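Participant: Okay, here's what each chain looks like letter by letter:
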Amino acid sequence: MQIKVKVYAPGFINHDQIDERGFLVLEEGATLNDLYNKIKLPLPLRLNFFCSVNYDQAHWNTKLKDGDVVSFLFPLTGG
Amino acid sequence: MLGYTGKILNVNLTSGEIKEEVIPDRVYEMLLSGVGLGAYVLYKRIPAGADPLGTDNVLGFVSGLLTGTGSVITGRWMVVCRSPLTGGWGDSNCGGTFSPAIKQCGYDGIFFSGISKEPVYLYVDNRGAELRPAAHVWGMDAVEAEQALEKENWKRKKPSIAVIGTAAEKISLISGICNDGGRIAARSGGGAVMGSKRLKAVVLAGTKSITCHDPEKMKEISKELAVKIRKQNMPGFVPGSILAFGGSMLGGMKRAAPMDGILVGMLMKRWGTPMNNLMGATSGDSPLKNWGGSVVDYNKSYYKNIDADRIIKRETKKYHCYSCILGCGGVCDIKDIANGEFSHTHKPEYETCAAFGGLLMNKDLNSIFYINELLNRAGMDSISAGGTVAFAIECYENGILTPEMTGGLELTWGNAPAIIALIKKMIAREGIGDLLADGVKVAAAKLGIPSSEYAVHAGGQEPGMHDSRMDPVLGVHFSADPTPGRHTIGSGQYYDIMHLWEQVSWAPVSGSYLKADEFIPSEKVALKTVANSCYKEVADGSGGCLFAMTLGINHWKLFDWLNAATGWNKSGDEYMEIGKRIQTLRQMFAVKHGVDPRSFRMSKRMAGEPPLTEGLLKGNSVRIDEMMELHWKMYGWDEKTGLPLPETISQLHLDEITQGAA
Chain A
11 MQIKVKVYAP GFINHDQIDE RGFLVLEEGA TLNDLYNKIK LPLPLRLNFF
61 CSVNYDQAHW NTKLKDGDVV SFLFPLTGG
Chain B
239 MLGYTGKILN VNLTSGEIKE EVIPDRVYEM LLSGVGLGAY VLYKRIPAGA
289 DPLGTDNVLG FVSGLLTGTG SVITGRWMVV CRSPLTGGWG DSNCGGTFSP
339 AIKQCGYDGI FFSGISKEPV YLYVDNRGAE LRPAAHVWGM DAVEAEQALE
389 KENWKRKKPS IAVIGTAAEK ISLISGICND GGRIAARSGG GAVMGSKRLK
439 AVVLAGTKSI TCHDPEKMKE ISKELAVKIR KQNMPGFVPG SILAFGGSML
489 GGMKRAAPMD GILVGMLMKR WGTPMNNLMG ATSGDSPLKN WGGSVVDYNK
539 SYYKNIDADR IIKRETKKYH CYSCILGCGG VCDIKDIANG EFSHTHKPEY
589 ETCAAFGGLL MNKDLNSIFY INELLNRAGM DSISAGGTVA FAIECYENGI
639 LTPEMTGGLE LTWGNAPAII ALIKKMIARE GIGDLLADGV KVAAAKLGIP
689 SSEYAVHAGG QEPGMHDSRM DPVLGVHFSA DPTPGRHTIG SGQYYDIMHL
739 WEQVSWAPVS GSYLKADEFI PSEKVALKTV ANSCYKEVAD GSGGCLFAMT
789 LGINHWKLFD WLNAATGWNK SGDEYMEIGK RIQTLRQMFA VKHGVDPRSF
839 RMSKRMAGEP PLTEGLLKGN SVRIDEMMEL HWKMYGWDEK TGLPLPETIS
889 QLHLDEITQG AA
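Sequence order for the protein chains is A and B. As numbered in the working numbering, residues 11 to 89 make up the first sequence, in order. As numbered in the working numbering, residues 239 to 900 make up the second sequence, in order.
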């Protein structure tokens with residue numbers, strides 16, 4: 011079984027496995043850390059407050075489920 | 239019960255006549271309220287070529303369709319007029335408490351024509367409206383006048399007041415209209431129009447209820463967003479200096495991708511707009527040294543002084559505009575600076591910090607606090623004022639302005655005391671200040687130098703503090719919009735974070751892409767700029783805030799709220815068509831008054847002509863002429879001239895709406 015999660019990650023992250031609409035496929039039972047590894051997230055950005063699952067701050071061992079939204083904090087300029 | 243009142247109030251300041259007018263439902267369905275309603279009234283009523291400072295110009299204060307309906311971050315009011323600064327369409331919006339106050343008086347907008355013989359203010363409550371003498375507050379700054387009028391008129395309810403300061407009384411073309419003790423609708427020169435009409439203030443004390451179609455649904459959508467925002471909190475141990483690191487990463491990125499705006503909420507809640515002070519300097523977003531420098535010049539030894547932590551350290555409490563759940567503002571007491579003491583003042587926003595920081599190579603934060611207060615009280619636009627000081631410094635350095643002309647002021651980069659002295663002269667229109675009080679375009683013309691040399695502007699409006707050489711999409715909005723130089727219409731980053739493609743069929747999906755691609759003119763990039771500006775007009779018709787837009791359409795559910803407020807059941811595409819209609823009407827307004835849209839093209843320096851030779855933006859230039867043409871083409875306007883095509887006007891039913899225009 012596989013699960014599909016929506017990922018909002020900054021442009022410098024490896025997006026090879028994220029489709030145009032932002033979805034990433036993981037194995038069932040995958041944790042946030044598995045996702046970090048898959049997108050090759052640099053270690054300093056693995057701090058809790060940089061990442062949320064469904065808008066709650068999430069620990070690296072949080073188990074992901076189908077339809078989850080994983081978002082990374084990244085600055086916005088321009089207004 | 240449709241979210242709007244269906245009525246406006248018309249005030250003729252020459253005759254003193256005050257009359258209500260019923261607006262047909264169809265107008266709201268076609269143009270919403272807010273800026274759309276304003277464009278409808280002004281297009282019909284102002285005769286072609288009317289003097290922006292004359293009797294025929296109409297100055298409108300309009301509320302958003304969603305204001306007061308139970309939606310959140312939709313409490314902005316707008317001022318609309320023919321702009322004396324650009325000659326075309328003028329609008330500017332502001333938060334605070336004034337927007338609901340308009341509707342609580344029973345109106346969606348209040349429109350002023352004519353010129354009063356003596357200074358007056360308008361008072362409105364549930365019983366009606368009347369013009370009252372304002373000689374006793376004429377000459378006061380905006381905060382003093384607001385306090386005096388508040389005391390005079392506070393009966394059952396604390397009134398909401400929009401008021402001009404001394405800059406607008408002296409018809410400075412870069413003056414705005416203030417409310418809530420230092421918020422300001424600063425752009426387009428609306429203050430000068432109000433000053434020219436001798437209208438000191440609008441005082442609103444109505445208590446009528448604001449109704450809508452489905453209040454329960456409104457609350458339900460608002461609650462869903464509030465729950466998400468409440469969870470976004472930056473841990474206290476994270477220092478503001480991390481933002482410099484974030485900016486460096488952002489500036490150095492080769493690729494961009496859609497981000498989740500909700501998480502940006504934690505930055506806004508903690509620091510407000512000054513979160514961009516360091517990020518802007520290190521990413522290339524903040525224009526430096528009058529758009530001629532880079533972070534090599536304005537390096538860490540400079541920018542560390544404007545760290546957002548140093549600003550919020552002075553906050554006594556957070557400030558929320560009406561219906562806002564972010565609360566990006568801050569109230570400060572300024573007691574520890576050499577220049578002056580002020581209590582209960584608003585903290586300087588990013589735009590002010592950048593305009594009086596990096597743009598002038600100034601690292602004195604105390605001076606920025608003080609200048610912010612001077613400008614808020616005088617009612618002068620801090621973006622335009624900073625741009626004009628930068629122009630003056632460059633003129634001084636190049637011998638165009640001499641010590642004799644400046645009254646002995648040494649106008650050099652980063653000379654904070656001289657900058658403060660110059661701002662005081664501009665506010666008072668004294669000496670060199672009189673030359674500079676109308677912005678860079680007028681000053682360059684008076685000095686007889688080519689406007690493009692040091693005068694950085696688009697169509698006469700000094701640009702917001704965001705660099706189009708970093709984000710070329712921003713350059714299109716600076717140049718091809720009916721309100722040129724406006725940083726709030728859109729940018730590449732805004733597009734990526736708003737996720738319009740989720741609800742608008744024609745908005746291009748933004749996956750991960752090379753940033754360099756946005757520098758290449760294409761129909762895809764043009765569709766992004768069209769989508770940005772259509773959406774902005776829908777938000778401005780609704781009373782929405784830019785920082786809500788950047789939360790993303792699936793969180794800040796503007797279209798869903800509009801349907802729940804009105805019962806219309808329109809799709810995202812239909813609302814975007816309304817945005818396109820408002821935008822096209824604003825462009826028709828500019829053309830009607832003789833504006834050549836091509837003349838709004840941003841200054842060469844803003845487009846990187848020639849490009850910078852060092853820093854993050856080194857070598858970047860924007861193919862702005864081609865991008866403007868594509869933007870206009872995708873709007874259904876003539877791509878060479880920017881004139882809306884007759885078939886587009888007809889398709890949008892604008893010929894029908896504007897029938898019988900003056």
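In case anyone wonders, no lab produced these hints; they're calculated from the structure. None of these values were measured; they are calculated from a predicted model. Ideal placement from N, C-alpha and C gives every residue a C-beta, glycine not left out. Mixed in with the good hints there might be a few duds.
[Said to hold, decoys possible] Now the stretches of chain A that chain B is said to cover, found in silico as 3 or more residues with beta-carbon under 8 Å:
no.	region
1	36-48
2	59-65
3	76-87
[As the list claims (entries may be wrong)] In silico DSS-like pairs for lysine-lysine, Cα to Cα no more than 27 Å straight-line:
no.	chain 1	residue 1	chain 2	residue 2
4	B	Lys-355	B	Lys-389
5	A	Lys-16	B	Lys-762
6	B	Lys-601	A	Lys-75
7	B	Lys-856	B	Lys-762
8	A	Lys-16	B	Lys-856
9	A	Lys-73	B	Lys-466
10	B	Lys-527	A	Lys-50
11	B	Lys-753	A	Lys-16
12	B	Lys-753	A	Lys-48
13	A	Lys-16	B	Lys-795
14	B	Lys-469	A	Lys-75
15	B	Lys-662	B	Lys-684
16	B	Lys-856	A	Lys-14
17	B	Lys-507	A	Lys-16
18	B	Lys-527	B	Lys-842
19	A	Lys-48	B	Lys-492
20	A	Lys-75	B	Lys-466
21	B	Lys-492	A	Lys-50
22	A	Lys-16	B	Lys-466
23	A	Lys-75	B	Lys-795
24	B	Lys-257	B	Lys-245
25	B	Lys-601	B	Lys-507
26	B	Lys-795	A	Lys-14
27	A	Lys-14	B	Lys-469
28	B	Lys-469	A	Lys-73
29	B	Lys-469	A	Lys-16
30	B	Lys-795	B	Lys-466
31	A	Lys-16	B	Lys-461
Participant: With reference to the structure, classify each hint as holding or not holding.
Facilitator: Results of checking the hints against the structure:
1. 36-48: violated (count 0)
2. 59-65: holds (count 3)
3. 76-87: Since three or more residues must qualify, the claim that chain B covers the region 76-87 of chain A holds, with 8 doing so at under 8 Å.
4. B:Lys-355 with B:Lys-389: 25 Å, holds
5. A:Lys-16 with B:Lys-762: 24 Å, holds
6. B:Lys-601 with A:Lys-75: Given pair Lys-601 of chain B, Lys-75 of chain A is violated - Cα atoms ~49 Å apart, limit 27 Å.
7. B:Lys-856 with B:Lys-762: Holds, because 25 Å separates the two Cα atoms, which is no more than 27 Å.
8. A:Lys-16 with B:Lys-856: 35 Å, violated
9. A:Lys-73 with B:Lys-466: OK: Lys-73 of chain A and Lys-466 of chain B at ~20 Å, within 27 Å.
10. B:Lys-527 with A:Lys-50: 38 Å, violated
11. B:Lys-753 with A:Lys-16: Holds, at about 22 Å.
12. B:Lys-753 with A:Lys-48: Since the Cα atoms of Lys-753 of chain B and Lys-48 of chain A sit roughly 23 Å apart, the hinted pair holds (cutoff 27 Å).
13. A:Lys-16 with B:Lys-795: Holds: Lys-16 of chain A and Lys-795 of chain B sit about 19 Å apart, inside 27 Å.
14. B:Lys-469 with A:Lys-75: Holds. Lys-469 of chain B to Lys-75 of chain A sits at ~20 Å (cutoff 27 Å).
15. B:Lys-662 with B:Lys-684: 20 Å, holds
16. B:Lys-856 with A:Lys-14: Roughly 41 Å separates the two Cα atoms, so the pair is violated.
17. B:Lys-507 with A:Lys-16: 25 Å, holds
18. B:Lys-527 with B:Lys-842: Given pair Lys-527 of chain B, Lys-842 of chain B holds - Cα atoms ~15 Å apart, limit 27 Å.
19. A:Lys-48 with B:Lys-492: At roughly 20 Å apart (the allowed maximum being 27 Å), Lys-492 of chain B and Lys-48 of chain A satisfy the hint.
20. A:Lys-75 with B:Lys-466: OK: Lys-75 of chain A and Lys-466 of chain B at ~19 Å, within 27 Å.
21. B:Lys-492 with A:Lys-50: OK: Lys-492 of chain B and Lys-50 of chain A at ~17 Å, within 27 Å.
22. A:Lys-16 with B:Lys-466: Holds, because 17 Å separates the two Cα atoms, which is no more than 27 Å.
23. A:Lys-75 with B:Lys-795: Between Lys-75 of chain A and Lys-795 of chain B the Cα gap is close to 25 Å, so the pair holds against 27 Å.
24. B:Lys-257 with B:Lys-245: 10 Å, holds
25. B:Lys-601 with B:Lys-507: 25 Å, holds
26. B:Lys-795 with A:Lys-14: 24 Å, holds
27. A:Lys-14 with B:Lys-469: Status holds; Cα separation ~24 Å.
28. B:Lys-469 with A:Lys-73: 20 Å, holds
29. B:Lys-469 with A:Lys-16: 19 Å, holds
30. B:Lys-795 with B:Lys-466: Answer holds: Lys-795 of chain B to Lys-466 of chain B is near 13 Å, not above 27 Å.
31. A:Lys-16 with B:Lys-461: The hint holds at about 23 Å.
Hint check: violations occur at hints 1, 6, 8, 10 and 16; the rest are consistent with the structure.
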